[in-house]
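Undergrad: Chains as they are written, first to last, in this note's numbering: chain U, 837 to 1160; chain C, 837 to 1160.
These aren't lab readings, by the way, just hints derived from the structure by calculation.
Treat the hints loosely; a few may be bogus.
[Stated by the list, open to error] Per label pair, the in silico range of CB-to-CB distance:
| hint | chain 1 | residue 1 | chain 2 | residue 2 | range |
| --- | --- | --- | --- | --- | --- |
| 1 | U | Q1084 | C | G976 | 53 to 61 Å |
| 2 | C | Q985 | U | G874 | 33 to 41 Å |
| 3 | C | N931 | U | P1075 | 40 to 48 Å |
[Claimed, not checked] Residues of chain C clear of chain U, computed beta-carbon distances all greater than 10 Å:
| hint | residue |
| --- | --- |
| 4 | F847 |
| 5 | R849 |
| 6 | F943 |
| 7 | A944 |
| 8 | E1014 |
| 9 | A1017 |
| 10 | P1018 |
| 11 | H1071 |
| 12 | E1073 |
| 13 | L1074 |
| 14 | A1080 |
| 15 | R1113 |
| 16 | A1120 |
| 17 | A1144 |
[As the list claims (entries may be wrong)] Sample of chain U residues facing chain C (criterion: CB under 7 Å; computed from the structure):
| hint | residue |
| --- | --- |
| 18 | D865 |
| 19 | L869 |
| 20 | Q870 |
| 21 | A878 |
| 22 | V885 |
| 23 | G955 |
| 24 | G956 |
| 25 | R960 |
| 26 | N964 |
| 27 | C966 |
| 28 | A978 |
| 29 | R980 |
Here a beta-carbon is modelled for each residue, glycine too, at the ideal position from N, C-alpha and C.
Number of protein chains: 2
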Amino acid sequence: MGEFELIRRHFQRSGVALPDQVALGIGDDCALLQPAPGHQLAVSCDMLVEGRHFFVGTNPASLGHKALAVNLSDLAAMGARPLGFTLALALPSANDAWLTAFAQGLFALADAHACPLVGGDTTRGPLNICITVLGELRPGQALRRGAAQPGDDLYVSGRTGEARLALELLLGTPWALEHAAPGTLPRLRERLERPVPRVALGRALAGLAHAALDVSDGLAGDLGHLLQASGVGAHIELPHLPVAPDLQALPPALQLDCLINGGDDYELLFTAAPADRTAIEAAAQASETPVHRIGQISAALGLRLLDAAGQPVALAPRGFDHFA
Amino acid sequence: MGEFELIRRHFQRSGVALPDQVALGIGDDCALLQPAPGHQLAVSCDMLVEGRHFFVGTNPASLGHKALAVNLSDLAAMGARPLGFTLALALPSANDAWLTAFAQGLFALADAHACPLVGGDTTRGPLNICITVLGELRPGQALRRGAAQPGDDLYVSGRTGEARLALELLLGTPWALEHAAPGTLPRLRERLERPVPRVALGRALAGLAHAALDVSDGLAGDLGHLLQASGVGAHIELPHLPVAPDLQALPPALQLDCLINGGDDYELLFTAAPADRTAIEAAAQASETPVHRIGQISAALGLRLLDAAGQPVALAPRGFDHFA
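Chain U extracted, bound-state conformation (with noise of 0.2 Å):
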C-alpha cells in the first residue's frame, strides 16, 4: 500500500459531509478553512512519541482518540470552537488493521466536536503522531492563563488522579497494585486513554471565566503556570477536591499525590469573579460538565494547600517535563 493509497483508504471518507467551514478538504497543498466573521483564530500542536507519551502496544482507536483529545482540550481551554485539524503520521509500517482502528477512534471524537481532518502528511518512520487544531472565538473572549486576579474563585472540571493510578497500575509499581481495589484497571485505563476534552464547558466559560488552562501535567505543576503568568498566588482547600470512587481506598498522601501531581487529567482548570458563581454553574449545567470550586486566588504569590481545618499541608508540586 502507498502513501496516497493509505490516506485514501483511511483518512479521506468519501461519504461525509464536511462541516461548513471547510472550504477545501484533503487533497491539495492546503486546506482552506472560513472561519466566522470578525473570528480570530487559535491554534494549538501536540506530538505523540510511542514509548513517551504512550505505551508500545496501546490500542490505536485509544491512540487515535487520545491525540486529537490532547488538541481539543487546549481549544477547551482557550474558550474556542473547533474548526478542523491537520494530522502527521509516521508509521514503522503501513499497517491495515492499525490504521482502521486509529481512524474509527480518532474520527469518532472529531465528528462528536464537528471538527473535521483537513490535512496531513503520513511517512514511515518510528512511531509518531503530531495533530493540529484550528478553533475560532471573537476577539477579546480567550481565556488566558495570565488573566487570574486576586479574589477570583478557583474551579476545576470532573476530577484529577485516576490517570495517574491507571498510569502506575500499568507500570507495576507496588504502591498501587498494593492500594487499588482489583478490577479498577479497565475503568482507570480509559481515563487514561480516552480522556473527554472539555470544549462544551470551555465555550461556555469563554467570556464568562477570567483564566483558564488545561491540566495535561499535574493539577499543581498546571496551576502554578497559571499563576505564574497573572502574578498572582492561590490557596486550595483540599477537602474540596473531587475524589474518585477509585481513588478513595488510597492511602491520604498517595491519593493527594494523584490529584495533585497526577497528569494527563485533561481537565479544565479556571478561575472567575465571585460574582459570577451563579454564571459559572449555569455554564457547567449548559455543558453537562460537573465542576468544582476548589479554592480562591490571592495577591500574595505562592500556592497553599489547606486541610479541613484550614492549616497548611506541605507537599512539593511537581509537573511532568518530558526533558528532565
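Add chain C to chain U, keeping to what the hints say.
TA: Just chain C now, with coordinates in the frame of chain U:
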C-alpha cells in the same frame, strides 16, 4: 535543561516584535491569530523524519530552514500569504548547539516571510520535525490543483533536478559520481538542503493562474496529480525545460530523469490562460522569480513528453512514495 527552559531559550524570542496578525504567541494553551477580514485560511502540514527525509547528521541550520521551507512552499502553491506556523519537535536529547543552529536556520526564513512561530510542542524521541503553517487568501483566489483548463499554458518556476543530483552524490550513486563535475556538491547540496519557497510568486499568481502545485516529488509525478485532479492531459516540450549549469554535463537520459523525476525541487508548477502571458511575465518579474513556459494542457488525457522535433519521448514518470 527542561522542556520549558528549552522552549524559552531557543524558541521564545523576547526581542523580536510579532507581526500584526499575531494576537497571542507562544506560552498559552493556544496561539491566537487574526486573519484579514473576510479572508480564507490556508493550512498545510509536513513531517520530516531523520533517515527518511534527511541524512543523519544534516546541518541543523539547513534542517531548520528546510522544515519551514517545504511548508511555505505549500502556501505558495495555493497563492496564500503566510500568517504563522507551529513547530512540534521530537529530539533524542536536548543538544544546545544543535538547537541553536536549528533555530537560527528556522527563524531566518520565518523572518524573511514575516511568518512567526506561534506555538508548538517539544518532546524526547527519535528526531522528528513537524511544522504546520497557516496562511490567508481572498475567497476564490486559491490556486487549486484541479483548476487546469484545456489550452492552458504550463509553467514551472526556477529549475528542477539539482536537488536530485545532490541526493545521488550524497548517496554515492555511481552515475552521479561519474558525471557530476568536481566541486559541484556544495552548490548542489544547497539546492537540496535550502530550497527557496516561491511565496512571492504564488501570491502574485493568486487569482491570475488557474491550477498550481509545488514540485516536491518530481515534476512528472506532481504534474500527474494536477492533471488527474483537473481531468485533463498535457504535453511538455522538453527543450523548454530549464537545465541548470551543473546538470549540463549529464548524459541526456540521466539529465532528463533529474529534470522530471527529481524530487525536492519546491518549484511551482502552474497553468494559466494563453491570454494572460503578459500578466504571468509581470508576476514573475514582480516576484523576482524566473518562470518558464514548458508546455500546454490538453483535453486528451495523459502526459506527453516531446523532443525538439515534436516527437514523443518515452520515460516512465515516477514520484517519490514514502510507503512504496
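Undergrad: A separate judgement is required for each hint: does it hold in the structure or not?
TA: Do the hints match the structure? See the list:
no.	hint	result
1	U:Q1084 / C:G976: 53 to 61 Å	60 Å, holds
2	C:Q985 / U:G874: 33 to 41 Å	35 Å, holds
3	C:N931 / U:P1075: 40 to 48 Å	46 Å, holds
4	F847	12 Å, holds
5	R849	18 Å, holds
6	F943	18 Å, holds
7	A944	22 Å, holds
8	E1014	30 Å, holds
9	A1017	33 Å, holds
10	P1018	34 Å, holds
11	H1071	23 Å, holds
12	E1073	25 Å, holds
13	L1074	25 Å, holds
14	A1080	24 Å, holds
15	R1113	24 Å, holds
16	A1120	19 Å, holds
17	A1144	32 Å, holds
18	D865	4 Å, holds
19	L869	4 Å, holds
20	Q870	5 Å, holds
21	A878	4 Å, holds
22	V885	4 Å, holds
23	G955	6 Å, holds
24	G956	5 Å, holds
25	R960	5 Å, holds
26	N964	5 Å, holds
27	C966	4 Å, holds
28	A978	6 Å, holds
29	R980	6 Å, holds
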